[in-house]
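Protein chains: 4
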Amino acid sequence: MSFNTFGRLFRFTSFGESHGAAIGCVVDGVPPRMTLSAQEIQLELDRRRPGQSRFTTQRQEPDAVKIMSGVFTGEDGVQRTTGTPVMLMIENVDQRSKDYSDIKDKYRPGHAGYVYDVKYGLHDYRGGGRASARETAVRVAAGAIARRIVPGLSVRAALVQMGPHKVDRARWDWNEVAKNPFFCPDPVQAKFFEDYLDGIRKAGSSIGAVIEVVADGVPAGLGAPVYGKLDAELASALMGINAVKGVEIGDGMAVAELRGEDNADEMRMGNDRKPVFLSNHAGGILGGISTGQPIVARFAVKPTSSILTPRKTVDRYGNDTEIVTKGRHDPCVGIRAVPIAEAMVACVLADHYLLHRGQMGEGTVWPFAKPGA
Amino acid sequence: MSFNTFGRLFRFTSFGESHGAAIGCVVDGVPPRMTLSAQEIQLELDRRRPGQSRFTTQRQEPDAVKIMSGVFTGEDGVQRTTGTPVMLMIENVDQRSKDYSDIKDKYRPGHAGYVYDVKYGLHDYRGGGRASARETAVRVAAGAIARRIVPGLSVRAALVQMGPHKVDRARWDWNEVAKNPFFCPDPVQAKFFEDYLDGIRKAGSSIGAVIEVVADGVPAGLGAPVYGKLDAELASALMGINAVKGVEIGDGMAVAELRGEDNADEMRMGNDRKPVFLSNHAGGILGGISTGQPIVARFAVKPTSSILTPRKTVDRYGNDTEIVTKGRHDPCVGIRAVPIAEAMVACVLADHYLLHRGQMGEGTVWPFAKPGA
Amino acid sequence: MSFNTFGRLFRFTSFGESHGAAIGCVVDGVPPRMTLSAQEIQLELDRRRPGQSRFTTQRQEPDAVKIMSGVFTGEDGVQRTTGTPVMLMIENVDQRSKDYSDIKDKYRPGHAGYVYDVKYGLHDYRGGGRASARETAVRVAAGAIARRIVPGLSVRAALVQMGPHKVDRARWDWNEVAKNPFFCPDPVQAKFFEDYLDGIRKAGSSIGAVIEVVADGVPAGLGAPVYGKLDAELASALMGINAVKGVEIGDGMAVAELRGEDNADEMRMGNDRKPVFLSNHAGGILGGISTGQPIVARFAVKPTSSILTPRKTVDRYGNDTEIVTKGRHDPCVGIRAVPIAEAMVACVLADHYLLHRGQMGEGTVWPFAKPGA
Amino acid sequence: MSFNTFGRLFRFTSFGESHGAAIGCVVDGVPPRMTLSAQEIQLELDRRRPGQSRFTTQRQEPDAVKIMSGVFTGEDGVQRTTGTPVMLMIENVDQRSKDYSDIKDKYRPGHAGYVYDVKYGLHDYRGGGRASARETAVRVAAGAIARRIVPGLSVRAALVQMGPHKVDRARWDWNEVAKNPFFCPDPVQAKFFEDYLDGIRKAGSSIGAVIEVVADGVPAGLGAPVYGKLDAELASALMGINAVKGVEIGDGMAVAELRGEDNADEMRMGNDRKPVFLSNHAGGILGGISTGQPIVARFAVKPTSSILTPRKTVDRYGNDTEIVTKGRHDPCVGIRAVPIAEAMVACVLADHYLLHRGQMGEGTVWPFAKPGA
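Residue numbers (the numbering used here), protein chains in the order written: chain A, 9 to 381; chain B, 9 to 381; chain C, 9 to 381; chain D, 9 to 381.
None of these hints come from the bench; they were simulated from the model. Hints should not be assumed to be uniformly reliable.
Straight-line alpha carbon distances no greater than 20 Å define the calculated SDA-like cross-link-like pairs of lysine to any residue that follow [stated by the list, open to error]: (1) C:K199 - D:E269; (2) A:K74 - A:Q87; (3) B:K112 - B:K282; (4) C:K199 - D:G300; (5) D:K112 - C:D102; (6) D:K112 - A:R41; (7) D:K320 - C:K320; (8) C:K334 - C:A178; (9) C:K320 - D:K112; (10) B:K320 - A:N327; (11) B:K282 - A:K74; (12) A:K282 - B:K282; (13) B:K174 - A:E265.
Computed from a predicted structure; not experimentally measured.
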């Protein structure tokens with residue numbers, strides 16, 4: 009099976025390979041009359057774009073997005089969505105005409121080339137083809153539209169761990185995230201990461217990372233009770249990012265060690281007749297449905313398989329051999345996962361916002377109206 | 009949105025509440041001519057059934073499943089699937105006519121009651137209604153069919169951690185899993201868990217756990233490259249189990265600390281012209297597609313919110329109050345998640361097996377045929 | 009492929025065979041807090057129920073529907089939907105223990121038995137199994153819920169032709185439909201049909217029919233512009249009713265003979281700032297989207313294949329033979345299609361009503377606000 | 009709701025407006041290793057392309073298709089599908105910079121502009137925007153791939169009626185279809201249509217038509233028994249073509265007049281142990297499943313609303329007015345529906361071929377093996 013569509017009511021279908029003519033997606037289900045310009049989408053893409061520091065692949069891609077359909081400029085000169093499919097296209101520019109002959113017949117351990125060959129009987133080995141991290145640009149583009157659909161929504165992510173080194177949460181400052189090449193919210197640790205990652209990069213090695221995503225302004229009530237649970241959908245969205253091997257919501261794997269009385273997020277009434285939660289172990293989701301607290305998710309990204317250390321492998325003809333992956337690559341591919349994760353979370357939330365509105369209508373029936381109601 | 013269908017080609021739609029007449033599901037897409045009896049499904053249900061030890065809720069439910077459609081007994085007296093929907097129904101028996109008046113208007117911290125009220129404007133509070141763990145019986149029933157669809161598939165799970173206490177993997181013995189009330193593969197630790205959980209139970213508290221699922225015999229090539237990735241689908245299936253807050257594939261969250269050379273699963277040719285992997289950090293999935301190695305997943309289950317320690321909360325009328333949850337409950341709800349997890353993994357694999365066969369046909373195009381092929 | 013789910017946001021999954029324990033469906037996506045009783049659904053089922061006149065099959069089925077999940081009775085004693093799946097079950101009662109040995113191995117020309125055997129390798133021949141018209145009872149049950157979702161919606165159908173005999177539209181009276189066993193809006197023609205169909209019935213023959221469905225109160229704007237067009241969805245829903253071979257919207261097949269100036273539904277402004285259409289050739293749908301006019305559809309139902317005249321056929325072992333179908337059957341199966349068609353149209357409209365609300369929100373942006381808007 | 013994806017396993021997502029930069033689609037689920045070139049797709053597009061005779065719109069569009077992704081050229085120099093999404097793009101060339109000011113604020117009776125405004129609150133009026141027949145080019149492109157998926161499949165269509173004038177089936181010759189500008193299989197009637205349509209064209213009027221599609225080589229067993237019936241899916245696919253108002257399978261609406269003994273397609277055993285049907289009233293489908301006979305469908309296309317005769321209408325500001333549509337248009341838009349219908353039928357069959365293979369595997373279980381089997 010090939011499955012390249014994400015979402016239900018807000019959904020996008022992705023296409024394109026690393027070394028083809030273009031990558032892009034068709035975003036369907038966008039509410040009409042939203043202002044939308046390529047520049048807005050470009051701002052998000054620029055955050056993910058490679059080649060902006062020595063810590064990401066040196067492939068030079070402007071990642072210039074074009075809106076090919078689904079918008080219309082009215083008499084007021086403003087471009088708006090029409091409610092029909094928005095096709096976003098990013099032409100590939102830096103398809104380096106490299107000689108792949110030294111690796112094209114060898115399977116890189118930890119890379120998808122082998123399974124593509126088993127599944128499809130062939131694959132485009134150039135730059136990873138469809139498995140390339142390049143595909144994630146289209147998610148960021150789609151996410152730029154998704155972000156605008158839920159009123160008041162803010163989705164931010166940050167790198168919170170690289171190798172064994174975690175950030176100090178006491179120093180967390182969202183404003184720092186844009187100021188270092190690691191999307192790191194801790195300025196002290198960001199400084200440390202420069203030397204640390206330089207060492208890994210120069211050794212031709214790579215390292216894993218943990219990213220945390222926080223969504224503020226999520227209305228309570230989004231999600232579904234059994235199989236389309238909001239946390240299940242987020243888990244799928246984040247695990248579906250290249251190289252991710254673990255996903256946590258709220259306290260995540262650590263809940264295994266908690267007792268019931270410690271895990272409970274106690275409640276008190278706030279001044280606005282909405283309840284206030286005294287903690288957020290749940291990460292903003294209970295029973296698959298958003299509580300109105302911030303949604304907090306984390307995920308671990310494995311180190312890329314493109315390394316200079318020779319590894320044992322086999323070739324397409326069944327011979328034992330070794331492989332070394334030279335060329336442009338990311339020493340910590342988790343870095344670029346930060347804007348991708350924001351986009352994926354935004355897409356899930358936009359989809360569930362529309363789905364919820366479909367079944368329930370627009371007015372939330374707030375509890376606490378009156379006794380007996 | 010209410011979404012109660014799981015899967016694409018192999019898919020089931022669940023219905024029923026804890027205190028309604030029955031729970032069950034409609035399983036659609038089942039290949040025809042498979043032998044199928046209620047007894048086979050019952051065997052799986054009996055593993056999940058509550059009330060079998062003092063470590064799970066004392067609700068007495070026989071969980072007797074009936075096959076209401078989709079089978080036909082031929083002239084040979086054997087009951088087989090017809091390829092049309094298989095409806096599985098489990099009548100509720102032990103709907104204790106308990107007085108819910110002391111908790112029906114209070115929101116239990118960590119429980120879904122509050123968000124159901126926000127989302128739907130009402131909810132069936134008796135026994136958790138649709139959010140009850142009781143619904144998971146239908147997943148086990150559907151999974152009993154799913155297990156039979158992929159030839160040679162074996163899906164097993166075990167509890168590997170309770171509270172801070174992990175099993176010793178050197179003592180791992182799958183045969184032990186059925187011999188203790190914890191589904192624990194380590195007989196020494198299982199013994200320890202008896203006292204440990206008794207202590208928690210008697211204190212009216214609850215505790216979290218980690219479960220590991222292993223699928224052997226998964227054909228290489230299942231999955232999809234971008235949004236229907238096999239690991240993303242498994243993450244969704246496992247995160248969708250009640251009370252799960254974290255999911256890992258292979259090395260999981262620990263990959264953050266790995267270097268590329270340590271994370272690579274090196275390959276060598278085996279005697280049968282298939283490659284042998286020298287490790288399984290990937291947990292059997294690369295690029296969203298199965299490698300043919302065992303698929304390994306883990307997930308953390310939070311402690312249940314039904315505890316005797318009073319917790320601060322609010323009621324439906326907006327008053328601050330406290331809540332204590334008496335009555336039948338699971339001191340470690342993770343225990344019963346073991347057969348549920350097996351079922352969910354089996355359902356994902358059955359679905360992707362059929363999807364793969366749809367796009368690719370039955371013959372796998374194995375690499376290594378010959379140079380130049 | 010087995011596909012037994014209808015709809016997207018409002019959707020139901022059907023199960024059950026003619027001679028199994030029960031038939032029924034799981035209705036998902038129902039908005040919460042709607043009052044819903046089994047009696048209301050029963051009213052619709054009673055209209056489709058067989059055995060009410062000599063002109064439909066003499067199978068005696070009470071078709072008593074039970075609501076097995078998805079409703080909750082509040083403190084006011086009123087039963088309401090909870091927003092979770094509503095399972096509707098109808099137990100089979102009159103599964104006459106007839107000896108099928110004379111037909112079980114013969115393929116009835118015009119019946120699905122042969123293709124079921126080819127597709128699935130087996131089938132439940134008793135009473136048609138899954139292909140039985142009995143399955144349509146669950147559509148009527150689901151439709152009874154669907155009807156209530158779109159505010160102000162009225163869906164009515166009538167038999168407008170039996171064999172070559174059409175009703176006289178000048179005598180059309182919706183009140184007559186419930187007064188004769190044919191759902192015929194023309195009392196004169198209904199009288200004629202009694203003798204006409206008696207003749208066919210006594211000859212052991214059967215006859216085709218045309219049914220017309222009219223939906224009033226459909227909001228303008230429902231549908232989708234390209235592949236989920238409202239007319240395409242209605243065509244699928246109606247063609248999916250057993251024995252239907254043709255579907256028309258508005259002027260239907262007759263548009264082939266029209267010129268552009270005759271086919272245009274001209275417009276004039278009404279007093280309420282909404283336009284008035286001067287005709288309805290389009291049947292209430294333009295470009296796949298509802299116009300606000302009544303939606304008008306028609307479909308032709310073939311004569312049932314259960315007849316007393318011997319027909320040439322083959323048996324399951326590859327022998328040429330003849331078949332005669334005795335037993336209970338419908339001389340004009342189109343009659344019972346009337347309430348089924350209403351139900352299917354209601355389901356399509358409910359689904360698109362929710363889908364529209366999801367993407368657009370609740371407020372329709374009505375044109376004509378002001379120049380330049 | 010905006011819904012722009014067609015199909016389940018074989019599916020394509022369409023984008024683009026008449027006067028935007030490009031139209032196109034992403035075709036997902038294509039089996040890998042199929043040879044595929046842009047030239048092959050172009051051949052189909054050239055059949056639909058406007059401006060090839062005086063009987064279709066004079067818009068000059070080369071409709072040159074580019075394959076932007078999903079193919080790979082191996083060492084043998086042959087381009088093959090990779091199993092990942094195939095993006096097909098057609099740039100718009102002849103977007104005549106016409107002054108739309110005389111019609112942009114008036115609703116054309118019978119055109120979708122009014123309902124787009126009601127649904128979306130705005131629409132791209134230039135050339136019909138998304139509602140333009142131009143979108144159908146992408147269906148033809150997707151269909152060119154679909155045709156190749158079912159082995160041995162042939163899908164052909166022909167115009168069988170224009171206005172009140174039908175072809176003489178005794179003169180039917182498929183070879184004639186490509187020899188006249190009407191896709192007419194009857195050379196005598198084709199000659200007549202030249203004068204007939206010239207008269208309509210010169211009068212600034214338009215006329216309806218009926219198209220017949222025949223699919224040969226469809227394996228028995230495709231389809232689904234209840235809601236994804238093959239005839240229901242074809243009805244949806246054909247009704248979803250612009251301007252279609254009626255769809256028939258086999259004898260279509262005429263079955264209303266048939267008796268059971270006349271409608272039965274009797275069977276006899278053929279020499280190859282497959283049954284032979286003695287007629288094809290069913291149009292190759294029984295109970296929603298293909299019989300192995302040719303699938304025969306027909307549909308009626310209404311006359312286009314772009315005519316020179318003034319029609320009463322309203323404008324966007326709520327004023328009564330009149331409209332005349334000048335400019336390029338099709339006097340019989342049904343003509344160009346011929347290749348579109350072939351494409352849509354091919355897409356439905358490809359999808360169901362893959363779906364069937366998914367659930368059933370590749371080997372058909374043919375009846376007639378032996379008594380008792």
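Open item on the list: Run the distance test for K199 of chain C versus G300 of chain D: straight-line Cα separation, threshold 20 Å.
Closed with: With Cα atoms ~42 Å apart, K199 of chain C and G300 of chain D exceed 20 Å; violated.
TODO: Please work out if K112 of chain B and K282 of chain B have their alpha carbons no farther apart than 20 Å.
DONE: Violated: K112 of chain B and K282 of chain B sit about 59 Å apart, past 20 Å.
TODO: Take a quick look at whether K174 of chain B and E265 of chain A sit within 20 Å of each other, Cα to Cα.
DONE: Given pair K174 of chain B, E265 of chain A holds - Cα atoms ~10 Å apart, limit 20 Å.
Open item on the list: Just to be careful, I want the Cα atoms of K320 of chain C and K112 of chain D compared with a cutoff of 20 Å; is the pair within it?
Closed with: violated (62 Å)
Task: Proposed proximity, K320 of chain C with K320 of chain D (alpha carbon, max 20 Å) - done: Not OK: K320 of chain D and K320 of chain C at ~58 Å, beyond 20 Å, violated.
Open item on the list: With the threshold set at 20 Å, check whether the alpha-carbon distance from K199 of chain C to E269 of chain D stays at or below it.
Closed with: This hinted pair is violated, its Cα atoms lying about 25 Å apart.
Open item on the list: Next pair to validate is K112 of chain D with R41 of chain A; report whether the Cα-Cα distance is within 20 Å.
Closed with: OK: K112 of chain D and R41 of chain A at ~18 Å, within 20 Å.
Task: Distance restraint between K320 of chain B and N327 of chain A, which requires alpha-carbon spacing of 20 Å or less - done: violated (65 Å)
- [ ] For the pair we were handed, K112 of chain D and D102 of chain C, check the Cα-Cα distance against 20 Å.
- [x] Outside the cut-off at roughly 63 Å; violated.
Open item on the list: Would the hint linking K282 of chain A and K282 of chain B be met if the CA-CA limit is 20 Å?
Closed with: Roughly 60 Å separates the two Cα atoms, so the pair is violated.
Open item on the list: Run the distance test for K334 of chain C versus A178 of chain C: straight-line Cα separation, threshold 20 Å.
Closed with: violated (39 Å)
Task: Given hint K74 of chain A paired with K282 of chain B - CA-CA distance at most 20 Å - done: Violated: K282 of chain B and K74 of chain A sit about 45 Å apart, past 20 Å.
Consistency note: the structure conflicts with the earlier hints numbered 1, 3, 4, 5, 7, 8, 9, 10, 11, 12.
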